[in-house]
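**Student:** The chain contents come next:
There are 2 protein chains.
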Amino acid sequence: MTYCCALRLKQGLVFVSDTRTNAGVDHIAVFRKLYTYGVEGERFICIQTSGNLATTQAVIGHLENQLTLKNEPNLFSVNTMFELAGLVGHTLKAVIEEVTSDTHEQSNYYCSILVGGQIRGEEMHLYNIYPQGNFISATSDTPYFQIGESKYGKPILDRALSYEMPLDEALQCSLISFDSTLRSNVSVGMPLDVMIYNKDSLQMPRGKRITEDEPYFQHISKQWSETLRRGLQEMPKPTADFFE
Amino acid sequence: MTYCCALRLKQGLVFVSDTRTNAGVDHIAVFRKLYTYGVEGERFICIQTSGNLATTQAVIGHLENQLTLKNEPNLFSVNTMFELAGLVGHTLKAVIEEVTSDTHEQSNYYCSILVGGQIRGEEMHLYNIYPQGNFISATSDTPYFQIGESKYGKPILDRALSYEMPLDEALQCSLISFDSTLRSNVSVGMPLDVMIYNKDSLQMPRGKRITEDEPYFQHISKQWSETLRRGLQEMPKPTADFFE
Numbered sequence: 082m083t084y085c086c087a088l089r090l091k092q093g094l095v096f097v098s099d100t101r102t103n104a105g106v107d108h109i110a111v112f113r114k115l116y117t118y119g120v121e122g123e124r125f126i127c128i129q130t131s132g133n134l135a136t137t138q139a140v141i142g143h144l145e146n147q148l149t150l151k152n153e154p155n156l157f158s159v160n161t162m163f164e165l166a167g168l169v170g171h172t173l174k175a176v177i178e179e180v181t182s183d184t185h186e187q188s189n190y191y192c193s194i195l196v197g198g199q200i201r202g203e204e205m206h207l208y209n210i211y212p213q214g215n216f217i218s219a220t221s222d223t224p225y226f227q228i229g230e231s232k233y234g235k236p237i238l239d240r241a242l243s244y245e246m247p248l249d250e251a252l253q254c255s256l257i258s259f260d261s262t263l264r265s266n267v268s269v270g271m272p273l274d275v276m277i278y279n280k281d282s283l284q285m286p287r288g289k290r291i292t293e294d295e296p297y298f299q300h301i302s303k304q305w306s307e308t309l310r311r312g313l314q315e316m317p318k319p320t321a322d323f324f325e
Numbered sequence: 082m083t084y085c086c087a088l089r090l091k092q093g094l095v096f097v098s099d100t101r102t103n104a105g106v107d108h109i110a111v112f113r114k115l116y117t118y119g120v121e122g123e124r125f126i127c128i129q130t131s132g133n134l135a136t137t138q139a140v141i142g143h144l145e146n147q148l149t150l151k152n153e154p155n156l157f158s159v160n161t162m163f164e165l166a167g168l169v170g171h172t173l174k175a176v177i178e179e180v181t182s183d184t185h186e187q188s189n190y191y192c193s194i195l196v197g198g199q200i201r202g203e204e205m206h207l208y209n210i211y212p213q214g215n216f217i218s219a220t221s222d223t224p225y226f227q228i229g230e231s232k233y234g235k236p237i238l239d240r241a242l243s244y245e246m247p248l249d250e251a252l253q254c255s256l257i258s259f260d261s262t263l264r265s266n267v268s269v270g271m272p273l274d275v276m277i278y279n280k281d282s283l284q285m286p287r288g289k290r291i292t293e294d295e296p297y298f299q300h301i302s303k304q305w306s307e308t309l310r311r312g313l314q315e316m317p318k319p320t321a322d323f324f325e
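Protein chains in written order, with this note's numbering: chain R, 82 to 325; chain Y, 82 to 325.
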């Protein structure tokens, strides 16, 4: 499986993806699921993928092939993020249709994609693209999307995340969401890829890969466990009527 | 959907179930999913159910009908918790086979069941019973089972719960697991049913129903949100290289 999450906040965009893939429990590998494209000063695009690895790689392959051949539309020719989401959705739908033309089990070949970024002249956008090729857009009410193994890490986002939150706090919150998922589900695994984009910068961030021995992640993982344990200890004890 | 969790700890058993059922988003109702049976001084049995409501009610109906008619084997005639798990599993399998004899979509009619308790002369046991009628048993390494919408509430159990934990702390931990689930998934809903059994007491606890306005649950729900928010604020800020 996979866990990817992306946030579209007032000050910018945050993307975090794990890197574990598994085809059965004895076929586990590390594959990057976070891809960035851009032109300095003009556009920044980040794509995260979850689902069938052959499908996700085919989608990325087609998108990059169009860029290489300078065939339009491509990631650099579309005028808006909305057009970009349409291009990715169209590509995804075509890939799934091609591979499933002779099967009824389409869902085995599904993948979900998050696309976020900014193109000069418009706001930042973040889209969640479905296997059917259609998509939804993040808003200030719902500033985040998750794909893959999303449930373990959702409670902390639901409680703590807000549109106005500074990017460093939002990153903390996302990393704790990942730490919770990593501990509860072995199909999500390190290293993690992180990408943070500052609103209106139109610059390509380098991003960071968090490995098992990354000191900051180790620190917050440990401190968060202590926070939870201490928080539990500080809770008032249940009233006696619970035990009758 | 449903969320039920059950703990088998050194000092006793803890059972918590939600009560929401839904057949589509416009058909939401409150149904009890936690059933207790027992004979003071002789046996205590708690059954929790998740899945198709007609299936779960048929299983409970058959088990109670056997008791009423004094047909053996029944909940009070089995000699051990292992035999009890077998009886429940057998009943569950038979119910599913009857209703799905003319369909290939068996899984629509599935349900999962947790059975815990103690019969005089043996240890406490907790079993997770599958739709196929087979089951697994909780151990001191893995002292808890969840059925239904289990993922949202799993991280806190994985981090904080241990076999040695006193029952009041384990209850706090379970209620926080439920609070996290309730906030992130509308198919799990209040009120909650709680049942706590003290090891070797062989007495029937009355149990407690937690409604929306229950002061203790409101208190820990609010305090837990503050714990998480404060915990996040106390985290060290991410290093600069995350933002490059």
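Don't read these hints as lab results, they were simulated from the structure. Take these hints with a grain of salt, some might be off.
Note that identical chains are pooled: a pair holds if it fits in a single copy or bridges any two copies.
To be verified - Here are the simulated DMTMM-like cross-link-like pairs (lysine to aspartate or glutamate), alpha carbons at most 20 Å apart as the crow flies:
1) Lys151 with Glu179
2) Lys280 with Glu145
3) Lys303 with Glu123
4) Lys280 with Glu325
5) Lys280 with Glu315
6) Lys318 with Asp294
7) Lys303 with Glu315
8) Lys318 with Glu164
9) Lys174 with Glu145
10) Lys303 with Glu145
11) Lys151 with Glu295
12) Lys174 with Glu325
13) Lys91 with Glu204
14) Lys280 with Glu179
15) Lys174 with Asp239
16) Lys91 with Glu325
17) Lys280 with Asp322
**Student:** Indicate, hint by hint, whether the structure satisfies it.
**Tutor:** Status of each hint after checking the structure:
no.: 1; hint: Lys151 with Glu179; result: neither (23 Å within a copy, 61 Å between copies)
no.: 2; hint: Lys280 with Glu145; result: neither (25 Å within a copy, 63 Å between copies)
no.: 3; hint: Lys303 with Glu123; result: neither (40 Å within a copy, 45 Å between copies)
no.: 4; hint: Lys280 with Glu325; result: between (56 Å within a copy, 14 Å between copies)
no.: 5; hint: Lys280 with Glu315; result: neither (39 Å within a copy, 26 Å between copies)
no.: 6; hint: Lys318 with Asp294; result: between (37 Å within a copy, 18 Å between copies)
no.: 7; hint: Lys303 with Glu315; result: both (18 Å within a copy, 13 Å between copies)
no.: 8; hint: Lys318 with Glu164; result: neither (55 Å within a copy, 36 Å between copies)
no.: 9; hint: Lys174 with Glu145; result: within (16 Å within a copy, 52 Å between copies)
no.: 10; hint: Lys303 with Glu145; result: neither (40 Å within a copy, 48 Å between copies)
no.: 11; hint: Lys151 with Glu295; result: neither (39 Å within a copy, 64 Å between copies)
no.: 12; hint: Lys174 with Glu325; result: neither (58 Å within a copy, 34 Å between copies)
no.: 13; hint: Lys91 with Glu204; result: within (10 Å within a copy, 57 Å between copies)
no.: 14; hint: Lys280 with Glu179; result: neither (37 Å within a copy, 60 Å between copies)
no.: 15; hint: Lys174 with Asp239; result: neither (30 Å within a copy, 38 Å between copies)
no.: 16; hint: Lys91 with Glu325; result: between (50 Å within a copy, 19 Å between copies)
no.: 17; hint: Lys280 with Asp322; result: between (53 Å within a copy, 18 Å between copies)
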